[in-house]
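Line by line, the protein sequences are chains B and D. First residue of the first sequence? That's 528 in my numbering, and the numbers climb one at a time after it. First residue of the second sequence? That's 464 in my numbering, and the numbers climb one at a time after it.
Some clues are possibly wrong.
Stated by the list, open to error - These stretches of chain D come out as covered by chain B in the derived footprint (C-beta under 8 Å, 3 or more residues):
1. 532-539
2. 563-573
Said to hold, decoys possible - Below, a sample of chain D positions facing chain B; criterion: calculated Cβ distance under 7 Å:
3. 503
4. 512
5. 547
6. 555
7. 560
As the list claims (entries may be wrong) - Derived CB-CB ranges, DEER-like:
8. D:558 / B:725: 57 to 67 Å
9. B:827 / D:558: 23 to 33 Å
10. D:519 / B:951: 30 to 40 Å
11. D:566 / B:852: 50 to 60 Å
12. B:1000 / D:558: 38 to 48 Å
Treat the hints as calculated values from the structure; they're not laboratory data. Nothing here was measured: the structure is a model prediction, and the numbers come from that model. A virtual CB, placed ideally from N, CA and C, is assigned to each residue, including glycine.
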Amino acid sequence: MLAVSIVITAALSWLCFEVNRNNDTRLLDLQVRQTGTVLQAVVPTIQTPLASAVEIAASTGGDVAQFRTYMATYVGASGQFVSASLWRSAPGVPQLIATTGSAPQLSANSARSAAFLAQAARTAKLSVTGPIAGNPYRLGYAYASAGRGPRYVVYAESALPPGRRAKIEAGSPFSNLRFALYLGRHQRDDALLETNVSRLPVQGDTATVVVPFGAGSLTLVAASSVRLGGTLSARLWWVVALVGAALSVAAAFTSERLVSRRKAAERLTGEVGTLLSEQRNLAETLQHAMLPKELPEIEAVEFAARYIPGVNGVEIGGDWYDVVPLDANRFFFVVGDVSGRGVAAGTVMASLLFAIRAFVTEGHSPARVLGALSQVLRLDRDGHFATVMCGSVDVERREVTIANAGHLPLLLVSPERVEFLASPVGPPIGITTPTVYESVTVPLPRDATLLAYTDGLVERRGETIDDGLRRLHDAAVDAHDSGRPMVSTVVSSLGAEDGEDDTAILGWRWLT
Amino acid sequence: MADMTDLQGHNSASTPSAWVTQVPSDQGVLHFELGGELDISSAAAIRDVITTLLEQNPSKVVFDVRRLHFIDSSGIAVLLTAARECSTVEIAHPSPIVRRIIEVSGLSGVLLLTS
């Protein structure tokens, strides 16, 4: 058998198409590590509502009604938490000020809750505790206010599955994967959050990953009794879905975020306010929960991003965006579009998102990232291809290096010019394996906004793509001239929320 | 001589949104007329038809798309299915809409656009 071995680094040696037992072990290892990456992405979906609630508390002096009103969207039948409470941290015992939803299960043990809340008050990260005994078991999260003045802590609990047993659908690809998820760094029964095996520890050839999760860690152990082979993507989807359900993040998360440095946020209060007020709780599928909800904090750059599901039908699309900081001055961005719809497209999207993050972390340039990606996806084997626009931005040098696999061009908006940036366009990922991509480096003006987007934004039946691009161009000019927020204005001018196809948009601009 | 096989892809409303017809052609060449709107709802049925015929191992596949009004990524995937099996795939008489989609997607090297 011909073995094609493409080794990029030891960590990425899974790009070997040789089918043998060693390969299965590497695939499983990668799968578990990729799942670990996804789990980290979950943190902001929990942290953000708690952080906002505690800000409100700190600025209103612990107003009960405002706390309850704000947390109402996140607590209850359709929310991710079953309980939320506001505490004032004081020397000695923390004081409970307000509760919404059911009573905190942690409070049943006052010493434990006091210790946890006191510890949470001392860290800027999300604190996690559990499993908390009860029916069902719960997981507890706490986030404390920062700065001077009385310290407040918002504490929320989400429900773990009954008996901490994962529900596996008959015939799901996941049914061959045996896993256990623990809070902390060790596989201890009293730290178990969820599992689908009846006897622990998980038997067989297992792969283990420990990932930071807020101020603590999560440990995921998994074993597969069958070859993983070409169904890597499908299995990853199910692992993520089940773990996400354990962490109760499948419900109630928003699809858009604006993150900027605090000072910039104060300067741009209008824009922040508009974008935050547009946040909605969407019943989206978990795959889009992987899209970064907190975009990097990079000096002098403001980001905005949105994912908008298409209105037609119930199947979700495969569009995504991602931003990966490279260092204090540089970041890597990507916007992509997997062909087709449904769980399969979403699965492929998730795999590409992780693969890109891995390649970027390894230090590959945008063109090399696409080249490496072109070896991961194959239309004939996986049933999908993907268009991808990616690049690296150097904030200090004010330049962007673009690589493009069959995707629509970046739009540059600045006072002197509004234009689509030309770049060499290679075929979409998955068409020819392997493919070599070229990049181009473009200097950018001082006052520049860039938009990366998918075709859902500009493609309409009955017209050529150029008509849609012209519409985008004009809407961007309009938004720039009127000073309105670029991403949200363009989205509404182009009617993206009513489109059939899903849309992802990522924008950034220099602040200085 | 050869049958004109009329094959349709139906969407859930049962109105055909795409159709494909095989047209008589030279030995070793598969020639199709493809029309309507080839999108996620119609693509699977059309693809099944084409893949069956691709088993004949043609040296060239031609898709006459003058009556194709729309194609999305699922439709492109169908055309690419032919490109995987056969090294020469022509997309003949594309409308401006279809032509631009193939060009913008960086596929004009894989799907040869001809008038």
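Residue 1000 (chain B) versus residue 558 (chain D) beta-carbon gap, inside 38 to 48 Å or not
Distance hint for residue 1000 (chain B), residue 558 (chain D) is violated at roughly 23 Å.
Within 8 Å of chain B (C-beta), three or more residues of the segment 532-539 of chain D = holds (count 6)
At least three residues with a C-beta closer than 8 Å to a C-beta of chain B: is that true for the segment 563-573 of chain D? holds (count 8)
| task | Evaluate the given range 50 to 60 Å for the C-beta pair formed by residue 566 (chain D) and residue 852 (chain B). | result | violated (34 Å)
Have a go at the residue 512 (chain D) hint: is there a Cβ in chain B nearer than 7 Å to its own Cβ? violated (17 Å)
Q.
Hint validation: residue 547 (chain D) versus chain B, beta carbon distance must be below 7 Å. Holds or violated?
A. Constraint on residue 547 (chain D) satisfied, holds at 5 Å.
Note to self: Does the beta carbon distance between residue 827 (chain B) and residue 558 (chain D) stay inside 23 to 33 Å, or does it fall outside?
What the structure shows: Violated, at about 46 Å.
- Close enough to count: is the Cβ of residue 503 (chain D) nearer than 7 Å to one in chain B? With a closest approach of 6 Å, the residue 503 (chain D) hint holds.
Hint check: 7 Å Cβ-Cβ cutoff, residue 555 (chain D) to chain B: violated (18 Å)
Does 30 to 40 Å hold as the CB distance between residue 519 (chain D) and residue 951 (chain B), or does it fail? holds (36 Å)
Practice problem: Can you let me know if the beta-carbon spacing of residue 558 (chain D) and residue 725 (chain B) is within 57 to 67 Å? | Solution: holds (60 Å)
For the restraint on residue 560 (chain D), tell me whether the closest CB of chain B is nearer than 7 Å.
holds (5 Å)
The structure fails hints 4, 6, 9, 11, 12 (numbered hints given earlier, in ascending order).
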